[in-house]
Amino acid sequence: MQREAADTCIKTEKLTLGYSNQEKDLLFYELNLCLNGGELVCFMGSNGIGKSTLIRTLAGLQKPLSGGISFPANKSGIELEKWISLVLTDRIITSSMTVYELISFGRYPFLNWKLALANDDKRIIEEAIQATRTESLIHKSVNELSDGQMQLVMIARALAQDTPVILLDEPTAHLDLNNRVEIMRVLRNVAKTMNKAILVATHELDLALQMADILWLATPDKQIEVGTPEDLVLNETLDKIFRLKGFDLKTGKVNHAPFRNREINLIGTGYEFLWTKNALDREGYSIDVLAQIMIEIVYDQNKLEWRITSSSFTKNALSIAEMLDFLAKLPYEPKPFPPPGQVYLSKS
Amino acid sequence: MNRSLSTLNIKAGLPYGLGFLVFFFLVCFLINVAIGSVDIPFLAIVSSLFRDASQGIYEQIIWDFRLPKAFTCVLAGAGLGTGGLMMQTFFRNPLAGPDVLGLSSGASLMVAFAVLAQGVLPFGLGSFQPWGVALAATSGATAIFLIVVAASRKVKENSSLLIIGMMVAAFTSSLVSVLQFLSKADDLQAFLIWSLGNVGSTNWNELNVMAVIIGIGLLIALGCVKPLNVWFMGENYAISIGVNVKRARVWIVLAASLMVGTITAFCGPIAFVGLAVPHLVKLLMPQSDHKILLPAVALGGAILLLLCDTLSQLPGSTQILPLNAVTSFIGAPVLIWVVIKSKQRN
Numbered sequence: 001m002q003r004e005a006a007d008t009c010i011k012t013e014k015l016t017l018g019y020s021n022q023e024k025d026l027l028f029y030e031l032n033l034c035l036n037g038g039e040l041v042c043f044m045g046s047n048g049i050g051k052s053t054l055i056r057t058l059a060g061l062q063k064p065l066s067g068g069i070s071f072p073a074n075k076s077g078i079e080l081e082k083w084i085s086l087v088l089t090d091r092i093i094t095s096s097m098t099v100y101e102l103i104s105f106g107r108y109p110f111l112n113w114k115l116a117l118a119n120d121d122k123r124i125i126e127e128a129i130q131a132t133r134t135e136s137l138i139h140k141s142v143n144e145l146s147d148g149q150m151q152l153v154m155i156a157r158a159l160a161q162d163t164p165v166i167l168l169d170e171p172t173a174h175l176d177l178n179n180r181v182e183i184m185r186v187l188r189n190v191a192k193t194m195n196k197a198i199l200v201a202t203h204e205l206d207l208a209l210q211m212a213d214i215l216w217l218a219t220p221d222k223q224i225e226v227g228t229p230e231d232l233v234l235n236e237t238l239d240k241i242f243r244l245k246g247f248d249l250k251t252g253k254v255n256h257a258p259f260r261n262r263e264i265n266l267i268g269t270g271y272e273f274l275w276t277k278n279a280l281d282r283e284g285y286s287i288d289v290l291a292q293i294m295i296e297i298v299y300d301q302n303k304l305e306w307r308i309t310s311s312s313f314t315k316n317a318l319s320i321a322e323m324l325d326f327l328a329k330l331p332y333e334p335k336p337f338p339p340p341g342q343v344y345l346s347k348s
Numbered sequence: 001m002n003r004s005l006s007t008l009n010i011k012a013g014l015p016y017g018l019g020f021l022v023f024f025f026l027v028c029f030l031i032n033v034a035i036g037s038v039d040i041p042f043l044a045i046v047s048s049l050f051r052d053a054s055q056g057i058y059e060q061i062i063w064d065f066r067l068p069k070a071f072t073c074v075l076a077g078a079g080l081g082t083g084g085l086m087m088q089t090f091f092r093n094p095l096a097g098p099d100v101l102g103l104s105s106g107a108s109l110m111v112a113f114a115v116l117a118q119g120v121l122p123f124g125l126g127s128f129q130p131w132g133v134a135l136a137a138t139s140g141a142t143a144i145f146l147i148v149v150a151a152s153r154k155v156k157e158n159s160s161l162l163i164i165g166m167m168v169a170a171f172t173s174s175l176v177s178v179l180q181f182l183s184k185a186d187d188l189q190a191f192l193i194w195s196l197g198n199v200g201s202t203n204w205n206e207l208n209v210m211a212v213i214i215g216i217g218l219l220i221a222l223g224c225v226k227p228l229n230v231w232f233m234g235e236n237y238a239i240s241i242g243v244n245v246k247r248a249r250v251w252i253v254l255a256a257s258l259m260v261g262t263i264t265a266f267c268g269p270i271a272f273v274g275l276a277v278p279h280l281v282k283l284l285m286p287q288s289d290h291k292i293l294l295p296a297v298a299l300g301g302a303i304l305l306l307l308c309d310t311l312s313q314l315p316g317s318t319q320i321l322p323l324n325a326v327t328s329f330i331g332a333p334v335l336i337w338v339v340i341k342s343k344q345r346n
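Chains as they are written, first to last, in this note's numbering: chain A, 1 to 348; chain B, 1 to 346.
Keep in mind that the hints were calculated from the coordinates and are not lab data.
Remember, predicted model here, so these are calculated numbers, not experimental data.
There may be inaccurate statements among the hints.
What the hints assert, rightly or not - Here are the in silico distance ranges between beta carbons for each label pair:
#1 S319/A x R153/B: 16 to 24 Å
#2 R91/A x S37/B: 51 to 59 Å
#3 D221/A x R153/B: 30 to 38 Å
#4 I336/B x E144/A: 23 to 31 Å
#5 D176/A x F20/B: 39 to 47 Å
#6 G215/B x E144/A: 37 to 45 Å
#7 D239/A x E235/B: 50 to 58 Å
#8 E144/A x A325/B: 38 to 46 Å
#9 R153/B x Q210/A: 39 to 47 Å
#10 E235/B x E144/A: 52 to 60 Å
As the list claims (entries may be wrong) - Taking lysine-lysine pairs in the BS3-like style, the calculated list, with each CA pair at most 27 Å apart, reads:
#11 K63/A x K291/B
#12 K14/A x K82/A
#13 K291/B x K114/A
#14 K140/A x K341/B
We treat Cβ as the ideally placed atom computed from N, Cα and C, and that holds for glycine.
In isolation and in its complexed conformation, chain A is listed as follows (with noise of 0.2 Å):
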């Protein structure tokens, strides 16, 4: 149970969400949650746990079966679309429209019906454009978009509707890694310089934990545990509930077994070093500052050098890959090979 503080924008007590009242159709049972301003909070769940339903619920597209919503810090009772904005994973068509035309349609609340914008719009829609770093997109068709600028342009809609929460379901999904890690990025910073209250629904268990403020984690018992990223890894809270096959969550990397049955002593400093280990682990040498074979990084004018020396042998590689190669040419006693769930496997 997250606290209550002053500034909690939404806050739901006994929230109970699903198709209808029977136990198997139930998606969350009685959800005591809280969404304070300043807060980019992550929610995780396996797909089909009801995370998009619970988004919508809260933003009162759609009723809770029971339980109650409040916005404790709307002390003056303003209107539901000038407190919550969203980013949907519904799909977008248009045929002959802007990019600006499309984010100022975040001032819509505030318009009345001759849908004309003041200065003062304008501004927060030029404040929306900078925060997303969409400048230069403006001019451009909604349809010569790429998946990842769509996104960012329809966070810039949401936040020139200006509301203190921005609720959003799956706004990475299909983004390779660069655009994932900028649409995260914009939205930690627009909850801390903009003070909002941020809800991400997303998969990506990696860029949550380096995100996020606060991990709202769906569990199989229709409930929602909630903390800090680094307290739901040590009390492994994530652990259980995702059921890592091989990833380990206290490294933030994949766990390879040592299957080479041969030892390395590494030798060097700083990310080559990182690297380096990363391409040994991954094919399966175990790293040993006893080991025959020594593989010492060397700096020689700018240029890169893997020195692999044994007693019996000494090799120059000019890349990572060519040392692997090396390696594996090398007459080595195979291990037994390791048992299931634990090798060959990745984070998802």
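Could you slot chain B onto chain A? The hints should help.
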């Protein structure tokens, strides 16, 4: 950055676009009035317009035939164009239109009941009462619109909706043909001429009824600019920016049915105008703001129907083509073009 935003002028070409439409509209209106099966000298036309009684028969032709016909074109074109635009926005489907989705057929059915059933059924609307026919046609169009709306909530694909519209149209026309089979020869001929599309048979009295109803429809449409503008984002987004989607749905259906039904009642089921005009107007001025699109499409619809009617007069001859032959001749290629364009985008 600031410069790029302050010089932002998306709608720079807009006054030209609307100005062009108004100018073109006036030209088309005058040409439409000037051309007909009787050659009237230009000066006689101008003085007839100012009710110069000395023009005699010319003045009668202008005021009793040409002007009512031209105004019918204007009202019908404006109503069908805006009706089509509203339906395309409403269904998020570029192929939607009053005739494509069966609204015209629904209106036809009710008119057929009103006109043809007099000989068959003990009741009927009796004589061709303008308000009664308008009411019948509007109720038919509304009924079909509601059926299609219900269907559209089940099917997500654009083409499925069109197939449903076609089938509804086939269903209603089968009922119409039964009525035709059973009706008297005189009624049948009147109905057949009506079903070919006809803007030349409205008198001033009927025109007044049309003008009032289309005016109400256009006003409702203008009142729906906000929901229409955000409709493309889908229901959830629309609600999240404060649009009352349920209420807007009622008004949009009502306005479109009212206009399409009334026009169908007085002019017959005019094909393709409602479908083609929004696309032609958007081609002239790429635009998604209904505050501008609605008047532009109304003007565009009036222009297209005036042009089609002028062509159907076959200038220089005393023959007249059925109006639907001309509108389909223009509308069908537009439909094919829209299908190809939307396939390319996907």
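*Hint by hint, which ones does this structure get wrong, listed from lowest number up?*
Hint check: 1, 7, 10 and 11 fail, others pass.
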